[in-house]
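Peer 1: Using the sequences and the accompanying hints, generate a full structural model.
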Amino acid sequence: MRRQLRSRRAPAFPYGYRYRLDDQDEVNQNYLADEEEEAEEEARVMVVPDLEEEEEEEEEEKEEEEKEEEESQAQETGSAWWRKWQIVNEYLWDPEKRMSLARTGLILVIYFFFYASLAAVVTLCMYTLFLTISPYMPTFTERVKPPGVMIRPFAHSLNFNFNVSEPDTWQHYVISLNGFLQGYNDSLQEEMNVDCPPGQYFIQDGDEDEDKKACQFKRSFLKNCSGLEDPTFGYSTGQPCILLKMNRIVGFRPEPGDPVKVSCKVQRGDENDIRSINYYPESASFDLRYYPYYGKLTHVNYTSPLVAMHFTDVVKNQAVPVQCQLKGKGIINDVINDRFVGRVIFTLNIET
Amino acid sequence: MVGGFSILLWIGAILCWIAYGIQYSNDKSSSLDSVYLGSVLALVVVLTGIFAYYQEAKSTNIMASFHQMIPQQALVIRDSEKKTVPADQLVVGDIVEIKGGDRIPADIRLLSAQGCKVDNSSLTGESEPQPRSCEFTHDNPLETKNISFFSTTCLEGTATGVVISTGDRTVIGQIASLASGVENSKTPIGLEIEHFVHIVAGVAVSIGVLFFVIAVSMKYRVLDSIVFLIGIIVANVPEGLLATVTVALSLTAKRMAKKNCLVKGLEAVETLGSTSIICSDKTGTLTQNRMTVAHLWFDNQVFVADTSEDHSNQVFDQSSATWASLSKIITLCNRAEFRPGQEGVPVMKKAVVGDASETALLKFSEVILGNVMEIRKRNRKVAEIPFNSTNKFQLSIHETDDPSDKRFLVVMKGAPERVLEKCSTIMVSGQEQPLDRSTAQTFHTAYMELGGLGERVLGFCHLYLPADEFPATYSFDVDAMNFPTSSFCFVGLLSMIDPPRSTVPDAVTKCRSAGIKIIMVTGDHPITAKAIAKSVGIISANSETVEDVAKRLNVAVEQVDKRDAKAAVVTGMELKDMSPAQLDELLANHSEIVFARTSPQQKLIIVEGCQRQDAIVAVTGDGVNDSPALKKADIGIAMGITGSDAAKSAADMVLLDDNFASIVTGVEEGRLIFDNLKKTIAYTLTKNIAELCPFLIYIIAGLPLPIGTITILFIDLGTDIIPSIALAYEKAERDIMNRKPRHKKKDRLVNKPLAVYSYLHIGLMQALGAFVVYFTVYAQQGFRPSALLNLRVEWEKGYVNDLEDSYGQEWTSYQRKYLEWTGYTAFFVGIMVQQIADLIIRKTRRNSIFQQGLFRNKVIWVGIASQVIIALILSCGLGSIVALNFTMLRPQYWFVAVPHAVLIWVYDEVRKLAIRLYPGSWWDKNMYY
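Protein sequences appear in the order of chains B and A.
Sequential numbering from 1 applies to the first sequence in the UniProt record's numbering.
Sequential numbering from 1 applies to the second sequence in the UniProt record's numbering.
Hints in this document: simulated from the structure, not taken from any laboratory.
Just so you know, not all the hints are guaranteed correct.
Claimed, not checked - Partial selection, computed: residues in chain A whose CB lies under 10 Å from chain B:
hint : residue
1    : H761
2    : L764
3    : Q780
4    : P785
5    : V800
6    : N801
7    : D802
8    : D805
9    : Y807
10   : Q809
11   : E810
12   : W811
13   : L903
14   : N926
What the hints assert, rightly or not - Taking lysine to any residue pairs in the SDA-like style, the calculated list, with each CA pair at most 20 Å apart, reads:
hint : chain 1 : residue 1 : chain 2 : residue 2
15   : B       : K145      : A       : M888
16   : A       : K925      : A       : P753
17   : A       : K678      : A       : I736
18   : A       : K28       : B       : L158
19   : A       : K678      : A       : K752
20   : A       : K145      : A       : R103
21   : A       : K817      : A       : L884
22   : B       : K145      : A       : V800
23   : A       : K817      : B       : N333
24   : A       : K817      : B       : N337
25   : A       : K797      : B       : I345
26   : A       : K422      : A       : A383
27   : A       : K817      : B       : M150
28   : A       : K752      : B       : R103
29   : B       : K296      : A       : A787
30   : B       : K265      : B       : I336
31   : B       : K261      : B       : I274
32   : B       : K316      : B       : G269
33   : A       : K817      : B       : R143
34   : B       : K145      : A       : R890
35   : B       : K145      : A       : E804
36   : A       : K817      : B       : V335
37   : A       : K925      : B       : L108
38   : A       : K912      : B       : L118
39   : A       : K817      : B       : F140
Every residue gets a Cβ at the ideal spot worked out from N, C-alpha and C, and that includes glycine.
Peer 2: Spelled out as structure tokens, the structure:
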């Protein structure tokens with residue numbers, strides 16, 4: 001219907017037809033012309049503060065009102081700044097309502113108390129939370145199990161690129177390893193830690209909060225990779241040492257009688273790219289005496305056991321991807337998403 | 001409707017893609033996460049857009065049926081042949097023939113007419129049929145008798161005319177184009193939502209930019225800062241709100257459709273609720289649009305007839321012998337007849353052949369006396385003079401149904417003064433008495449009184465012809481008038497009016513108590529308009545117009561202070577001379593106004609005048625003449641049954657039962673949905689803080705990210721959707737019909753208290769609660785809060801695979817990532833649990849939950865169930881899908897936030913209690929949203 005009748009306001013009315021319609025059109029137009037002025041006036045007249053209104057809004061309105069007034073008067077009086085000053089003044093101290101900045105202050109105080117009590121509630125919650133959590137033993141360890149694996153030296157990257165004849169390219173590995181092994185110095189280990197019997201858990205019963213002793217893991221266990229005989233850890237001869245450590249997990253115990261072993265091989269490509277690897281300790285395993293771990297708080301001097309891989313005969317001048325895996329019962333080393341659980345993959349590219 | 005959000009989300013999506021582009025150019029193996037996120041955001045925008053469109057389209061479809069019109073045919077004489085052609089093929093100069101029942105196919109000037117009457121009510125609002133002849137009687141085309149208008153109906157008679165204009169150039173076409181010239185302004189709820197979008201977008205953009213700057217100045221990489229910006233935008237924008245609002249509105253629209261209010265545009269649902277002025281048409285809206293007997297006068301007494309829709313309750317005294325005579329005249333002196341084949345139809349609904357007054361009399365007598373046709377058969381008609389404008393009376397001669405009485409009975413009805421002239425006696429209590437000066441005086445008083453009520457008065461008289469002069473075989477000749485036409489016995493008066501619908505007065509009262517001003521705008525006569533206005537309560541019983549005051553005080557109209565008069569009756573002529581300022585003054589100073597004899601343009605002016613008062617104006621109407629005003633109004637309401645197509649297409653709402661009372665339902669539903677939308681928005685906004693805080697803390701304190709962007713989307717578009725729709729089912733808290741309509745500029749949908757309370761009170765409590773869950777998960781896994789501080793950089797380094805926690809355990813980067821997702825899930829569950837509390841507290845704004853009833857709104861519980869189920873599915877079933885970043889969560893973590901949820905509930909109950917206890921206090925003003 002509408003579509004049918006919609007027009008471009010087609011006039012052309014014969015027979016004095018436009019009489020009534022036209023007449024009012026004119027009225028309408030006049031009226032429209034007046035409308036805007038009218039509306040403005042209206043706006044000024046209509047601002048009647050409602051009793052139920054918010055005080056603040058009222059005040060805002062007042063301000064607006066005044067601004068409007070100000071606008072209308074500004075041109076005549078030119079005292080805009082004075083008016084503005086008055087507005088600010090009124091905001092600070094409104095003599096009629098006997099209200100002032102103090103009210104803003106009051107609001108702030110109320111909010112302060114509100115948030116303070118909220119904070120108190122949250123603190124209370126957190127406090128109860130900590131009451132239920134032992135500081136010695138994490139409540140759950142399922143996310144951190146099975147253990148991850150990390151190697152040293154490590155400098156942001158798992159690619160070992162170096163040139164045997166250019167010490168600059170491998171010097172930082174040596175420095176890194178030396179630094180890392182400081183804590184394993186024989187003298188330090190003998191002083192701080194106990195020599196516990198191998199092949200069995202080093203279980204220390206007693207109160208949770210008792211300090212626990214740690215088993216010695218001496219640097220000398222690493223033999224050729226200890227850096228004691230060859231301070232360059234084999235890098236100068238193109239036979240790099242890489243240390244492998246298993247991530248610490250509180251309470252983790254490998255299966256008894258079957259220590260976790262390390263075995264490395266070429267990940268992809270020709271298996272013969274690596275012709276021989278020496279492991280130190282020779283068992284290539286983490287002895288059971290280093291488990292369980294009792295946590296940072298009581299097991300202060302705990303030193304993670306290490307396995308050093310000495311790549312004595314690796315193909316030179318080509319990148320060899322190496323995968324070192326942990327093997328043993330209860331060890332998972334094939335998680336697709338996590339390439340550091342039970343295994344570590346790195347490349348060796350030794351140039352001569 | 002919520003276009004602002006879409007733009008923000010588009011910006012978010014594009015930023016995502018840009019971020020990926022930068023990442024990709026640096027590192028070819030970078031993850032596709034940000035591409036996914038960007039695509040998801042784009043999908044959200046597109047889907048919600050499609051959804052809103054679909055909802056809109058569904059409700060517009062209902063209206064489409066109204067547009068389907070049966071193509072109109074016209075009988076035209078071309079080439080000296082009568083042809084039937086579609087009306088739209090008529091051209092100026094065609095000669096068309098019209099007969100009773102036809103719709104006039106174009107504006108025509110009549111060449112000949114036989115007893116032609118047309119119904120112009122859709123054009124002028126006059127409910128009486130207008131006679132048409134070929135004489136030129138008036139300069140004004142609308143008044144002259146020799147023009148009939150397109151789309152009006154020919155009621156009876158036949159006519160031939162020449163087409164003088166067609167299509168858009170017809171008067172109706174002009175009005176229609178006037179209507180289409182009126183631009184569609186935004187609906188109030190549209191404005192409110194826009195305002196709300198501005199607030200939220202403002203918050204989102206300013207916080208986003210602020211933290212972008214902070215991040216950059218904290219030496220974050222620009223790329224990371226962009227990612228933060230995306231997170232902040234996503235957290236701030238209530239993605240699900242567009243869908244929610246649309247659904248809530250369409251639910252209300254459905255509910256209103258059930259109650260016979262059909263809403264065309266969804267947004268119009270709310271408009272009626274905020275309406276402060278209703279400009280109502282009279283004919284067909286307030287009245288039944290049919291003449292009905294309203295008063296009787298006989299035995300020197302005025303009797304009131306029942307004018308309700310079914311006439312069932314006629315209580316006036318029917319024992320008088322005068323009534324017996326009067327009823328006989330009413331029955332016999334009437335040419336109207338029921339159409340055959342309507343046995344089962346109630347009397348008032350039967351179709352009648354005959355003009356409006358005769359129809360009224362026929363139905364009146366049928367209801368009171370029973371089978372009128374049978375009575376007429378028994379009193380066989382022997383002669384008849386039909387009504388014509390020169391005689392102004394109608395006369396018929398009958399045999400009597402008394403076999404022993406051989407006299408003929410002459411019955412006459414007509415204009416009272418003409419009838420009285422022919423009378424010499426008057427019947428009082430069945431006895432004929434001479435008509436003296438005093439009885440004539442009482443007759444005049446009654447006549448004036450009934451006339452003053454705006455009613456059309458008819459006089460009735462009869463005469464028994466002596467049997468000796470007029471034997472049974474006497475042949476009456478109506479042309480020669482061979483029978484007496486004077487010395488009749490005057491029996492009584494009957495007055496008719498187009499009576500108000502019975503439901504209207506009640507509806508008007510309800511609107512009044514709801515603070516809505518009702519203005520009557522009609523094309524009809526001022527007297528009739530005023531009478532109807534008085535009878536329905538638009539002019540209340542004790543208020544006076546300026547003229548009334550003048551009459552009472554016996555002074556000139558000019559001397560009366562206009563402010564003394566509450567009511568005003570203004571005619572179109574007066575309105576024409578008024579300046580807009582005067583009109584404003586009129587509208588502002590009088591609470592009860594009737595505009596009579598107005599033209600379509602003037603209706604438009606009146607509506608604009610009302611809108612200048614900052615009022616939200618509803619216009620009701622049915623005629624084509626109303627359509628411009630319907631269009632101009634904030635909400636146009638057309639009548640579904642009697643309404644013309646032009647009116648329906650211009651209107652925003654159609655009352656399917658033509659019942660003005662349905663408007664009250666509409667107002668109620670509109671106000672309810674406004675309140676409930678407030679609740680929905682408050683509910684939706686609250687969690688924004690809980691979603692935003694993690695990002696801010698992440699940037700500033702360097703915690704591992706507590707909640708991911710995808711997870712936020714799962715809250716906004718997953719768990720929160722059904723609950724927020726459920727709030728639309730909430731019942732009203734107090735009698736919403738007893739409060740004033742909201743002020744367009746002051747009572748906003750989203751006001752300061754709402755934003756402050758949602759963001760800074762409940763939102764913050766929620767954020768803290770969710771953080772507690774987050775910290776609990778991390779602490780129980782080995783990372784105490786102290787260890788988390790500033791851990792972000794190390795935490796996110798992919799090559800660090802032996803990061804130490806508080807217990808000295810070492811984590812690989814994927815283990816950390818997995819823990820982070822567990823944290824997301826925990827935070828998500830924390831928010832979800834507290835949103836349940838939020839949902840419950842949002843059921844009311846002032847009353848206690850227990851006053852409102854926890855279980856009255858069952859949908860809320862469906863919502864809560866959906867929340868829990870969706871969360872369970874996400875964390876259990878879909879936990880294995882890596883891209884979603886959800887993991888399984890230990891059952892106990894689901895309950896960590898419960899104390900906080902309870903705290904939220906208690907806090908809100910305290911807030912409501914304080915509001916109820918100290919109305920008007922600082923607390924009330926700042927905490928009641």
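Peer 1: Indicate, hint by hint, whether the structure satisfies it.
Peer 2: Evaluation of the provided hints:
1. Interface restraint check for A/H761: the shortest CB-CB distance to chain B comes to about 7 Å, inside 10 Å, so the restraint holds.
2. Below 10 Å, beta-carbon pairs count as interface contacts, and A/L764 has one with chain B at about 7 Å; its hint therefore holds.
3. Hint status for A/Q780: holds, given a least beta-carbon distance of 4 Å to chain B, under 10 Å.
4. A cut of 10 Å between beta carbons decides the hint on A/P785: the least distance to chain B is about 7 Å, and the hint holds.
5. Residue-level restraint check for A/V800 holds (minimum Cβ-Cβ distance to chain B is 9 Å; threshold 10 Å).
6. The beta carbon of A/N801 is positioned within 10 Å of a beta carbon in chain B (closest approach about 4 Å), and the interface hint is therefore held.
7. At a threshold of 10 Å, the smallest CB-CB gap from A/D802 to chain B is about 4 Å, leaving the interface hint in force.
8. Given the 10 Å rule on beta carbons, the hint for A/D805 holds: about 8 Å separates it from the nearest Cβ of chain B.
9. Annotation: A/Y807 was flagged as interfacial toward chain B, and the flag holds, the nearest CB pair being 5 Å apart, inside 10 Å.
10. With a cut of 10 Å, the hint placing A/Q809 at the interface with chain B holds, because the nearest CB-to-CB distance is about 5 Å.
11. Using the Cβ-Cβ criterion of 10 Å, the hint placing A/E810 at the interface with chain B is satisfied: the shortest such distance is roughly 4 Å.
12. Taking 10 Å as the C-beta contact cut-off toward chain B, the hint placing A/W811 at the interface holds, the least distance being around 6 Å.
13. A cut of 10 Å between beta carbons decides the hint on A/L903: the least distance to chain B is about 7 Å, and the hint holds.
14. The beta carbon of A/N926 is positioned within 10 Å of a beta carbon in chain B (closest approach about 7 Å), and the interface hint is therefore held.
15. The suggested pairing of B/K145 with A/M888 holds, with an alpha-carbon distance near 16 Å, which does not exceed 20 Å.
16. For the given pair, A/K925 sits about 8 Å from A/P753 by alpha-carbon distance, which is consistent with the 20 Å threshold.
17. For the hint pairing A/K678 with A/I736, the CA-to-CA distance comes to about 14 Å; that is within 20 Å, so the pair holds.
18. Between the alpha carbons of A/K28 and B/L158 the distance comes to roughly 18 Å, so the proposed pair stays at or under 20 Å and holds.
19. Using a Cα cut-off of 20 Å, the hinted pair A/K678 and A/K752 holds, with the two alpha carbons roughly 12 Å apart.
20. About 17 Å separates the Cα atoms of A/K145 and A/R103, which keeps this hinted pair within 20 Å; it holds.
21. Under the criterion of a C-alpha separation no larger than 20 Å, the hint pairing A/K817 with A/L884 is consistent with the structure, at around 13 Å.
22. A threshold of 20 Å between alpha carbons decides the hint, and for B/K145 with A/V800 the separation of about 17 Å falls inside it, so the pair holds.
23. A hinted pair counts as satisfied when its Cα atoms are at most 20 Å apart, and A/K817 with B/N333 qualifies at roughly 18 Å.
24. With a C-alpha separation of about 11 Å, the suggested pairing of A/K817 with B/N337 holds against the 20 Å cut-off.
25. Of the supplied pair hints, the one linking A/K797 and B/I345 holds, its CA atoms being roughly 17 Å apart against a limit of 20 Å.
26. Using a Cα cut-off of 20 Å, the hinted pair A/K422 and A/A383 holds, with the two alpha carbons roughly 19 Å apart.
27. Between A/K817 and B/M150 the alpha-carbon distance is near 17 Å, which keeps this suggested pair within the 20 Å criterion.
28. The suggested pairing of A/K752 with B/R103 holds, with an alpha-carbon distance near 17 Å, which does not exceed 20 Å.
29. Of the supplied pair hints, the one linking B/K296 and A/A787 holds, its CA atoms being roughly 13 Å apart against a limit of 20 Å.
30. A hinted pair counts as satisfied when its Cα atoms are at most 20 Å apart, and B/K265 with B/I336 qualifies at roughly 18 Å.
31. Proposed proximity of B/K261 and B/I274 is supported: the alpha carbons are some 19 Å apart, at most 20 Å.
32. Note on B/K316 and B/G269: the hinted pairing holds, with a Cα-Cα distance of about 14 Å set against a maximum of 20 Å.
33. Annotation: proposed proximity of A/K817 to B/R143 holds, straight-line Cα distance about 10 Å (limit 20 Å).
34. Annotation: proposed proximity of B/K145 to A/R890 holds, straight-line Cα distance about 17 Å (limit 20 Å).
35. With a C-alpha separation of about 14 Å, the suggested pairing of B/K145 with A/E804 holds against the 20 Å cut-off.
36. About 14 Å separates the Cα atoms of A/K817 and B/V335, which keeps this hinted pair within 20 Å; it holds.
37. The hinted pair formed by A/K925 and B/L108 meets the criterion: a straight-line CA distance of about 16 Å does not exceed 20 Å.
38. Restraint check for A/K912 and B/L118: satisfied, since their Cα atoms lie roughly 19 Å apart, inside the 20 Å limit.
39. For the hint linking A/K817 to B/F140, the alpha-carbon distance of about 16 Å falls within 20 Å, and the restraint holds.
In summary, the structure agrees with every hint in the numbered list given earlier.
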